[in-house]
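Residue numbers (this note's numbering), protein chains in the order written: chain A, 1 to 341; chain B, 1 to 341; chain C, 1 to 341; chain D, 1 to 341.
Everything labelled a hint here was simulated from the structure, so no lab data went into it.
Any given hint could turn out to be false.
[Said to hold, decoys possible] Straight-line distance between alpha carbons at most 35 Å, and here's what the computed DSBU-like set of lysine-lysine pairs gives:
1. B:Lys45 / B:Lys116
2. B:Lys313 / B:Lys83
3. B:Lys83 / A:Lys83
4. D:Lys153 / C:Lys313
5. B:Lys153 / B:Lys116
6. B:Lys313 / A:Lys83
7. A:Lys45 / A:Lys153
8. B:Lys313 / A:Lys153
9. C:Lys83 / D:Lys116
[Claimed, not checked] So, partial list: chain A residues that the calculated Cβ filter (under 10 Å) puts toward chain B:
10. Thr62
11. Tyr76
12. His90
13. Glu91
14. Ser98
15. Val102
16. Ala123
17. Ala126
18. Glu128
19. Asn129
20. Glu131
21. Phe135
[Unchecked claim] Output of the computed footprint for chain D on chain A, the stretches with three or more beta carbons under 8 Å from beta carbons of chain D:
22. 27–35
23. 205–219
24. 231–240
Backbone N, C-alpha and C fix where the C-beta goes; we use that ideal spot for every residue, glycine too.
There are 4 protein chains.
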Amino acid sequence: MLYFENDYQQGAHPSVLERIVETNLIPMSGYGTDPLCESAREKIKAACESPNAEVYFLSGGTQTNRIVISTLLAPYQGVIAAKTGHVSVHEGGAIEASGHKVIELPCENGKIDIQKAREYASAFFADENNEHMVFPGMVYISFPTELGTLYSKSELLELRRLCSEYNMLLYADGARLGYALASPECDVSLEELASLCDVFYIGGTKLGALIGEALVFPKGGAPGHFITLIKQNGALLAKGRLLGAQFDALFTDELYLRLGRHAIAMAEELKAALRRKGMRFYLESPTNQQFVIMKNEAIERLRQFVRFSFWEKYDDESAVVRFATSWATDIESIAALEKVL
Amino acid sequence: MLYFENDYQQGAHPSVLERIVETNLIPMSGYGTDPLCESAREKIKAACESPNAEVYFLSGGTQTNRIVISTLLAPYQGVIAAKTGHVSVHEGGAIEASGHKVIELPCENGKIDIQKAREYASAFFADENNEHMVFPGMVYISFPTELGTLYSKSELLELRRLCSEYNMLLYADGARLGYALASPECDVSLEELASLCDVFYIGGTKLGALIGEALVFPKGGAPGHFITLIKQNGALLAKGRLLGAQFDALFTDELYLRLGRHAIAMAEELKAALRRKGMRFYLESPTNQQFVIMKNEAIERLRQFVRFSFWEKYDDESAVVRFATSWATDIESIAALEKVL
Amino acid sequence: MLYFENDYQQGAHPSVLERIVETNLIPMSGYGTDPLCESAREKIKAACESPNAEVYFLSGGTQTNRIVISTLLAPYQGVIAAKTGHVSVHEGGAIEASGHKVIELPCENGKIDIQKAREYASAFFADENNEHMVFPGMVYISFPTELGTLYSKSELLELRRLCSEYNMLLYADGARLGYALASPECDVSLEELASLCDVFYIGGTKLGALIGEALVFPKGGAPGHFITLIKQNGALLAKGRLLGAQFDALFTDELYLRLGRHAIAMAEELKAALRRKGMRFYLESPTNQQFVIMKNEAIERLRQFVRFSFWEKYDDESAVVRFATSWATDIESIAALEKVL
Amino acid sequence: MLYFENDYQQGAHPSVLERIVETNLIPMSGYGTDPLCESAREKIKAACESPNAEVYFLSGGTQTNRIVISTLLAPYQGVIAAKTGHVSVHEGGAIEASGHKVIELPCENGKIDIQKAREYASAFFADENNEHMVFPGMVYISFPTELGTLYSKSELLELRRLCSEYNMLLYADGARLGYALASPECDVSLEELASLCDVFYIGGTKLGALIGEALVFPKGGAPGHFITLIKQNGALLAKGRLLGAQFDALFTDELYLRLGRHAIAMAEELKAALRRKGMRFYLESPTNQQFVIMKNEAIERLRQFVRFSFWEKYDDESAVVRFATSWATDIESIAALEKVL
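All chains should be built: construct the whole structure from the sequences, respecting the hints.
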């Protein structure tokens, strides 16, 4: 069986696991006050070139999104997101359960249509009856998006200007951030992203960790008593060291970026193989997720040998499916996949 | 000055106010257990031909929508609504603040596109990964809609079938229900609406009451301890009699329907007058709200003599405005409006 | 039948009702922007000698408490209240439903034990692990309390100091405020209360209005976009004029204080009558609610002629019951009650 | 430095970590559908002798408590807990943030006073005005309690009867369950606990896991779409295998019980050493946490050599401190502690 289902099907990268193992029996204080968390925080601040950053470690993406959005917004505010955004579709209503509307805007290939976003904000703040409506207080993007696409630096600058103009926060969900940064089409560095966003997270779960996301407020300014807010959301780990150890490893010797580069190299091989086999791409993705349109019968046949994801119905005879590479993908399985195809 | 701004600019219809005045000094028990509420409940059940109905009185539309939706849905469920629905746009995020997603579907002239709703529900329940998404548990419609339009009986039957098929509740927001029932284009009676919906409300605030909406569960089945839930939402009036008295008056001698008919007769006169003046209609509304497209300069000039509502920008030179009639509109003001135009 | 069950069993005081009736057909703008609300706001600001005050009108006490507490507290904060406080016991969990803990402190005769409150706050803020706990952000008192008792001016000053010292807000629930201010034992004026509290409300429902409470931020500082927050809570009346008209009447020619004085005069008569009949008082209440301990059989016999409230079990053979006077109580019914007793 | 601060200062027991390491690179499906979770579930069901049980894995205690309580209660219900309960005091208001009141009852040594609980429930359900109050829908106990004490089997039976009588659920927080089951004073087995509770959890974080709690519904009956509810709370791990692997190890060859027994044996040694040193016990704890009263100066001196927890102020000159053993405590450190003392 070949595995291209997602980027979280294996455990942790061996170097990450090693840090957990080697520090396992050392007594440490709880709740993220341990030296591993402290070291990881410093390394992340350095990697972001953000000496005033505040860094917190959380367990997963939905948890992070819910905590960030619900604690940074006022009760009368909602968050703008692409109609296909993770917070819009795939978090079981976590944002609304925390009391906030996800204001879904039109998007293309997973990216917010910035012109539409500008028109929306402009009309909203010009409306003299807007007190009966939810105020947009934040723009949520994912980088890369759900569909593997990337915002260019000039698009991010445009979003930053829009947010500043209308006093909204800019938040980037980096569940797969390492796969964005390693893409040949990415013209934004980690430091630049940090300078453009009010808050973002660096995803570990999908990039070599067992669990964990590093939430970064690059200029500081986390909500007051943020630890209590994390606790209240059931997200404060007694053994915060588990997260600290992993991010400490990921940000040692640029492991995080190296894992991203490996996955992207594998994705390029995958694309080439799919192209050689005449597969029809659903869209052009420059990162680790590749979407192709296949006949329903072909999908059924392929399932016997390969694990991959059904994405959505395309038409009555075919569907969009996803193949993902990760830090753990090897060149042999891509060759094997090409053979099977 | 002429008044066509909305249908809640005056106080109560004189007969409604009279019932409050004449019962004012009689001591009664609190929280809706008084004889006025009891009498009003019986009259509403009779008018709906729903002997098993449960009827509760609440203060306003947003309050009613929030309580209905949040108490009938499970935490993992959201409510389907038109993108232009009141719950989607004009309730300051009340539904999301109660923890539930408003699943906004495409609409035309304020009405949910039923075919799109069917496709959405069908795709959702066929998706084997739907446990990561919000489950649709209810369809919310307004009758008439925000734009004054009406669902036909066959459309309501289709919505009913859709709901039954996918185990969703059908809820009708009747903030202006009396204006729907009195429309010449309405082919649904109050009894039929009651038989088709799981829950709906009969709006008083916009139809002759000072305040108040009558929430009807036509087949019973209100959530357990509903009084406590109303209390918890801050919506249980100590002097429930205020609501009971008004609905008792509104449902005596068909006052409610008569007020609706008067407003619709006035709306027909208004339409004729607007047409005679060559006004361009934004859409064809069979109820008490009429939407026309006017040049921005014309709007400014008219504001000196008439109060009406700005609805939305149409293009750079013109906008959609709304003229509303109500139980309180008289023929003289329509004649005067025509003259001004 | 004689009526001493509560202070909201009749409708509105005739002067209050008259203001509604006489302004009924005048078209006015909605949502509290009408001239009646404007006038009432000015009169209340004058009565409070608080020219910078912000005043909002809401429908009932639980609604007001929920909105005040949930919009003024941060998510990590709770509100301190007496164990017998209205928010602690009789609001169906409205405060918790809005996400905040009611931190219940020991009390005597309905009043927070200020020494205990100081010990609690002092221990809390000294605890280096307090980030795992709910932060006290507000002290809620009712004035008069649930048991009709009053804080003295020096006690209010002490609470004010405590709040200022620990950066907590002081909020007074004045559901029956007029009955406090009119009590011979009250050494605090409305202006003084306004100068001591960060926020309080002047109750209308129990003091001559059909419905309505006037929420006062004496020094300004209501939460941003407070109208949207009210809307989101389902508490923004389209016909805000209903509340404005009533408070405009209540604050004309000191009607509010006069109604209070009448009820207190009646309460003094009631106390004298109860004493003459040898009734045993549960506590000494200087306001309009009187609590006496009666044998269970006597309670049953009295119910045939008089409506009064069961308060709580006292012992196996007797219970605490409540007799309340109001603006509507007359001297004849007290004489009749004495006769019946 | 000697470590007696808490029972989560080290990482995982070596056998637990080994299971993570040895399965690390095997591709598995996400969100708890992997074979490790499946195996762990079966072992837990067997250990509980509950073949119909439903078992879910979550990350931490507060998260588990919040999800259990908020998804099993109706919105009008609250949860009864001891005034010193974890949900009452040390979860940053997580339960209230989910919308539910924690009904705090008097307790002794951390245990709910069952007689008081019965009186409360009996009075509540007899009160004809209880619809204005929060309904008790669940009794929360911790086993062992925050203070290390245990309910006897007969007390648990009494709680079970109380719950059944008043239609309340019985929920046991087993953050330290293994330390209870191993105590010589515990007369309840895991199977018996499972048969008495509607729901409980087996704590991993404090008993040899890096992270993780096993939530057990012994008779089935988890809330519908529980996975979506977990997701909505931000608690669904993509790599659920991390939890599955650990509980699979903990429930292999009774490791969980063996770890508990070790900690209790060490606690007995610790008690003996403390007694030999003439320390004054705050209460008699039969589990792994020992509370003693020490002079403030003695505390300061001891801090130079030993890490332990400040619990609370006792009087002006002394305080209660806690020493905890765990699966990782060795006899040498207890000897060393005695020496230091």
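Hints, verified against the model:
1. B:Lys45 / B:Lys116: Cα-Cα ~34 Å, so holds.
2. B:Lys313 / B:Lys83: 17 Å, holds
3. B:Lys83 / A:Lys83: Holds - the C-alpha atoms of A:Lys83 and B:Lys83 are around 13 Å apart, at most 35 Å.
4. D:Lys153 / C:Lys313: OK: D:Lys153 and C:Lys313 at ~33 Å, within 35 Å.
5. B:Lys153 / B:Lys116: 19 Å, holds
6. B:Lys313 / A:Lys83: 24 Å, holds
7. A:Lys45 / A:Lys153: 21 Å, holds
8. B:Lys313 / A:Lys153: Status holds; Cα separation ~33 Å.
9. C:Lys83 / D:Lys116: Holds, at about 16 Å.
10. Thr62: It holds, given that the least Cβ distance between A:Thr62 and chain B is near 9 Å, below 10 Å.
11. Tyr76: 6 Å, holds
12. His90: Holds. Min distance 5 Å.
13. Glu91: 7 Å, holds
14. Ser98: 8 Å, holds
15. Val102: A:Val102 check passes; min Cβ-Cβ to chain B is 7 Å, inside 10 Å.
16. Ala123: 7 Å, holds
17. Ala126: 9 Å, holds
18. Glu128: 8 Å, holds
19. Asn129: 8 Å, holds
20. Glu131: 7 Å, holds
21. Phe135: Nearest chain B Cβ about 9 Å off; hint holds.
22. 27–35: Coverage by chain D holds here, the residue count being 4 at a Cβ distance below 8 Å.
23. 205–219: That given contact holds, which follows from 4 residues of the segment 205–219 of chain A lying within Cβ reach (below 8 Å) of chain D.
24. 231–240: holds (count 9)
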